[in-house]
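> One letter stands for each residue in the lines below.
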Amino acid sequence: MDATPAPAVDRFRAALESLEVAVTQTTPGEFERTLRAVASEPAVGTRLPFPDVSLPEWVDDDPTPASLEAATTGVTAGSLGIADYGTVVLPARDDGSEQVSLFPDLHVAVLRRGDLVADMPTAVERLGPQLRSGASAILATGPSATADMGALVKGAHGPKDVHVIVLEDETTADGHDGEEVTADE
Amino acid sequence: MSDARETKADHIRHLLETEGPAVEANTLGFNQGRYDSVADLEDYETLKSEARSIKEDAIERLPELLEAVRETVEANGGTVYLADDAADANRYIRNVASEQAAERVVKSKSMTSEELEVNDALEADGVDVVETDLGEWVLQVADEAPSHIVAPAIHKSREEIARLFNSEFDPDEPLETAEELTMFAREQLGELIREADIGMTGANFITADSGTLMLVTSEGNARKTAVVPDTHVAVAGVEKIVPTVEDLAPFIELIGRSGTGQDITSYISLLTPPVESPVVDFDDPDTAFADREDDRDFHLVLIDNGRLAMREDDQLRETLYCIRCSACANTCGNFQSVGGHAFGGETYSGGIATGWEAGVHGYDSAAEFNDLCTGCSRCVEACPVEIDIPWINTVVRDRLNRADANGQFEFLYDELVPDEESGGLDLQKRLFGNYETLAKLGSVSAPVSNWVAGLEPVRSLMERTVGIDSRRPLPEFERETLRTWFDNRGARVPAADADREAVLYPDTYTNYIDVARGKAAVRVLEALGVHVRIPDVPGSGRAPLSQGMIQTADNKASRVYAALAEHVDAGRDIVVIEPSDLAMFQSEYEKLLPERSFERLSKASYDVFEYVYGLLENDADPTALRRDGPALAYHSHCQQRTLGLEQYTTAVLRDLGYDVTESDVECCGMAGSFGYKEQYYELSMDVGSRLAEQFSTDETRDRLVVASGTSCTDQLEDLLRRDALHPIEVIDPRSRVG
Chain A
1450 MDATPAPAVD RFRAALESLE VAVTQTTPGE FERTLRAVAS EPAVGTRLPF PDVSLPEWVD
1510 DDPTPASLEA ATTGVTAGSL GIADYGTVVL PARDDGSEQV SLFPDLHVAV LRRGDLVADM
1570 PTAVERLGPQ LRSGASAILA TGPSATADMG ALVKGAHGPK DVHVIVLEDE TTADGHDGEE
1630 VTADE
Chain B
26 MSDARETKAD HIRHLLETEG PAVEANTLGF NQGRYDSVAD LEDYETLKSE ARSIKEDAIE
86 RLPELLEAVR ETVEANGGTV YLADDAADAN RYIRNVASEQ AAERVVKSKS MTSEELEVND
146 ALEADGVDVV ETDLGEWVLQ VADEAPSHIV APAIHKSREE IARLFNSEFD PDEPLETAEE
206 LTMFAREQLG ELIREADIGM TGANFITADS GTLMLVTSEG NARKTAVVPD THVAVAGVEK
266 IVPTVEDLAP FIELIGRSGT GQDITSYISL LTPPVESPVV DFDDPDTAFA DREDDRDFHL
326 VLIDNGRLAM REDDQLRETL YCIRCSACAN TCGNFQSVGG HAFGGETYSG GIATGWEAGV
386 HGYDSAAEFN DLCTGCSRCV EACPVEIDIP WINTVVRDRL NRADANGQFE FLYDELVPDE
446 ESGGLDLQKR LFGNYETLAK LGSVSAPVSN WVAGLEPVRS LMERTVGIDS RRPLPEFERE
506 TLRTWFDNRG ARVPAADADR EAVLYPDTYT NYIDVARGKA AVRVLEALGV HVRIPDVPGS
566 GRAPLSQGMI QTADNKASRV YAALAEHVDA GRDIVVIEPS DLAMFQSEYE KLLPERSFER
626 LSKASYDVFE YVYGLLENDA DPTALRRDGP ALAYHSHCQQ RTLGLEQYTT AVLRDLGYDV
686 TESDVECCGM AGSFGYKEQY YELSMDVGSR LAEQFSTDET RDRLVVASGT SCTDQLEDLL
746 RRDALHPIEV IDPRSRVG
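Top line first, the protein sequences correspond to chains A and B. The opening position of the first sequence corresponds to residue 1450 in our numbering, with each subsequent residue numbered one higher. The opening position of the second sequence corresponds to residue 26 in our numbering, with each subsequent residue numbered one higher.
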């Protein structure tokens, strides 16, 4: 009998861990506390389109070029996560989510656990209709990096660090599917 | 040395000394990364075939897809311009810049923009053009050309970049570490991007159904380039179009793994321009992004520049499937030693670049470096879209041979060399291409031919006229050929007593020069109960093919098939010692023989150790073979590895009780005639040095060196000053080695 593949969230975490990217699993109720522990101020963000979760007031949710430049943390939502790669799909929306995920030194990507898909073909299939209706998205995997200066350096033009927050359903967090939920920081 | 050969040798020597070390470290890292990364994929071969068929289909339907892209992008609010050539594309881009009154264009890395030389065109109009990819920026500051299609400054070490930046920018504190250099560049470029009027990118793929550009990057500069200014110009060859978004999936999985050995790069941008992301206007710093009403301008400039003609060319068409991942360059032994600057070309360098240069810049540009492909075929396995890159190199070489008008020695050579080529063929190529004839003459007149060939004045003459490097020992011809020996001796296992009958293919080298390995193969096969025959079969055509003499190789293929067809029909197995000849039967003959003939010969032919392995698996009795002999250091042959056959040699040797260590370099560097050519001798030795190093460690230096290929054994002997044998000689029942 084949071994049962590891749950998507475990593979997602493992892929990001190999890139030294931290992943924190949390609940909507604990989201602000988790974000506080992860982010530094000044922080900018764009709307998180998830029920029961919103940006705390210490995150500037209506960024301008000036606040973008001043920020050390950018918080944006991911629409999908790809377990095989540790990739977060970042929609590039008219509220500036692309810039917020790109300019500050730390990018905090917020993702619902239910939006994790197993592999690349599944993710691209989901993206097809969106791109055909004019949307843009970035498949982001870990921080910006370059080896052009003779050794691997993080933060070439984009973020030096990425932290992914995975939101559990409250029901999942109660242990309905039997998986342990841990916040690692 | 002729002037041309001397100039080439000097150029190569210079690069070996200056850029070689950095290129070697980087390409070996990428190449190993590729092996490691694709090993994690369960369905690597399936993905490659999928990618291949998407590109085949897309190029087939290109005219229709071009129309579809135009409609989609225009419906999205962008503009599409199909440029006939570089001048046409540059004219259009200059107009865009002038309409926008642009003072600065920031660019992300794009080889297509290098092909256009658009920077020069814009700068002539007074536009400041800034490369934002860190590697490209280094080259812009240094005023140098890329040496690699993905990592353009691969030839520069950290120390060199630090010297460059410190002298060019004179920072308060001298820059030293990679971290300091990167942060310095980030800051400088960040400022330049802020004030940019136009962002220019390339595109790795364009989807016809959505008008989406896929950009594969790691630094984030392409993201900034596309999103900060209000005008985005994307330049891309027409071959970048695929039908749908869903077609991108296999390429996303393959491109990073194949190129730099990353499972995926940091960013795969899927931009459907004009993008919804607001413009970043630092002159209006306090207006919220959400409150902006931007009217972004997007221009997709699609470049023909010879590509549509390549699509009509049966031989060059495959080049258009290339996704420019750089796997072919990274896996190339010669590229690993000298990098793209030795491979010349106006824009593209290494591996598949021959096809690109021939198609977009013409044959003169491709000619500069076409010789550097030795046909080792390691790139074929590495290519994520399964392009037969050595074949493209061979075709271009053939076309160059035919175009060359210098036929000075024609009258003399037409007598001596019965090839099928036109008069203009280069003397050196003609000599090596007709090696079989030379070997026959050498054998008949041996040992006198060997004495004569060994005389200093003769070597010197050979070097001056045909460019055979006098530092290379020449192979010595045997007076008694393998076939003569076998005819006199006769088969020792009668057909009536044998389970199997095999034809041992008397390749040129085994028949005339290294007769010993042929005799060993006969004894091994007979020890395993096989009835052996060695009929008169001509050379496979490998030698002429390697010189680009396709017509001569084609005729050889027909004659080989004619000589072997009856044996194949009689159910006899064709056993081949020399991997480069077996690769002819199993790969190149597909292009030279009718399909059915190719399939029959290909199916009936075996690598000698593959055959021995099969016999042993089918309960042949190994007791007569030499077992538990000396510890071995084994180098398999490049083409043998591409065919996936090297494993049989190690399996048989280990089953027979041998302790075997294997090399893991791509190629020994000799590659048939390549290492004999005076203009390439030093490069050949440098490529070989990686192999020599592996066989000179504490663990390997006392082992007996064995190699499957003729030229590999020659190269190993030259490099190590140790004897090198074919492994069949080790298990020969009469073996006394070690």
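Check each hint, because a few of them may be wrong.
Claimed, not checked - With a Cα cut of at most 16 Å, we get these calculated EDC-like pairs of lysine to aspartate or glutamate:
| # | chain 1 | residue 1 | chain 2 | residue 2 |
| --- | --- | --- | --- | --- |
| 1 | B | Lys628 | B | Asp579 |
| 2 | B | Lys616 | B | Glu481 |
| 3 | A | Lys1609 | B | Asp413 |
| 4 | B | Lys73 | B | Asp579 |
| 5 | A | Lys1603 | B | Glu212 |
| 6 | A | Lys1609 | A | Glu1469 |
| 7 | B | Lys465 | B | Glu505 |
| 8 | A | Lys1609 | B | Glu212 |
| 9 | B | Lys544 | B | Glu505 |
| 10 | A | Lys1603 | B | Glu591 |
| 11 | B | Lys465 | B | Asp561 |
| 12 | A | Lys1603 | A | Asp1568 |
| 13 | B | Lys465 | B | Glu501 |
| 14 | B | Lys628 | B | Glu615 |
| 15 | A | Lys1609 | B | Glu204 |
| 16 | B | Lys544 | B | Asp512 |
| 17 | B | Lys616 | B | Asp653 |
| 18 | A | Lys1603 | B | Glu205 |
Since the hints were made in silico from the structure, they are not lab data. Because the structure is a prediction, the values reported are computed rather than measured.
> All the hints need checking, so say for each whether the structure fits it.
Tested hints:
The straight-line distance between the Cα atoms of Lys628 (chain B) and Asp579 (chain B) is roughly 19 Å, outside the 16 Å bound, and the hint therefore fails. For the hint linking Lys616 (chain B) to Glu481 (chain B), the alpha-carbon distance of about 42 Å lies beyond 16 Å, and the restraint is violated. The straight-line distance between the Cα atoms of Lys1609 (chain A) and Asp413 (chain B) is roughly 40 Å, outside the 16 Å bound, and the hint therefore fails. As the CA atoms of Lys73 (chain B) and Asp579 (chain B) are separated by approximately 29 Å, the hinted pair breaks the 16 Å bound.
For a cut-off of 16 Å, the pair hint linking Lys1603 (chain A) to Glu212 (chain B) stands: about 14 Å separates their Cα positions. For a cut-off of 16 Å, the pair hint linking Lys1609 (chain A) to Glu1469 (chain A) stands: about 11 Å separates their Cα positions. Proposed proximity of Lys465 (chain B) and Glu505 (chain B) is supported: the alpha carbons are some 11 Å apart, at most 16 Å. At roughly 14 Å between alpha-carbon atoms, Lys1609 (chain A) and Glu212 (chain B) fall within 16 Å of each other, so this suggested pair holds.
Between the alpha carbons of Lys544 (chain B) and Glu505 (chain B) the distance comes to roughly 12 Å, so the proposed pair stays at or under 16 Å and holds. About 64 Å separates the Cα atoms of Lys1603 (chain A) and Glu591 (chain B), which puts this hinted pair outside 16 Å; it is violated. Simply put, Lys465 (chain B) and Asp561 (chain B) have alpha-carbon atoms about 13 Å apart, close enough for the 16 Å limit, and the pair holds. At most 16 Å may separate the alpha-carbon atoms for a hinted pair to count; Lys1603 (chain A) and Asp1568 (chain A) exceed this at roughly 25 Å.
At most 16 Å may separate the alpha-carbon atoms for a hinted pair to count; Lys465 (chain B) and Glu501 (chain B) meet this at roughly 12 Å. For the given pair, Lys628 (chain B) sits about 12 Å from Glu615 (chain B) by alpha-carbon distance, which is consistent with the 16 Å threshold. With a C-alpha separation of about 11 Å, the suggested pair Lys1609 (chain A) and Glu204 (chain B) falls inside the 16 Å cut-off, and the hint holds. A hinted pair counts as satisfied when its Cα atoms are at most 16 Å apart, and Lys544 (chain B) with Asp512 (chain B) qualifies at roughly 12 Å.
A threshold of 16 Å between alpha carbons decides the hint, and for Lys616 (chain B) with Asp653 (chain B) the separation of about 42 Å lies outside it, so the pair is violated. The straight-line distance between the Cα atoms of Lys1603 (chain A) and Glu205 (chain B) is roughly 11 Å, inside the 16 Å bound, and the hint therefore holds.
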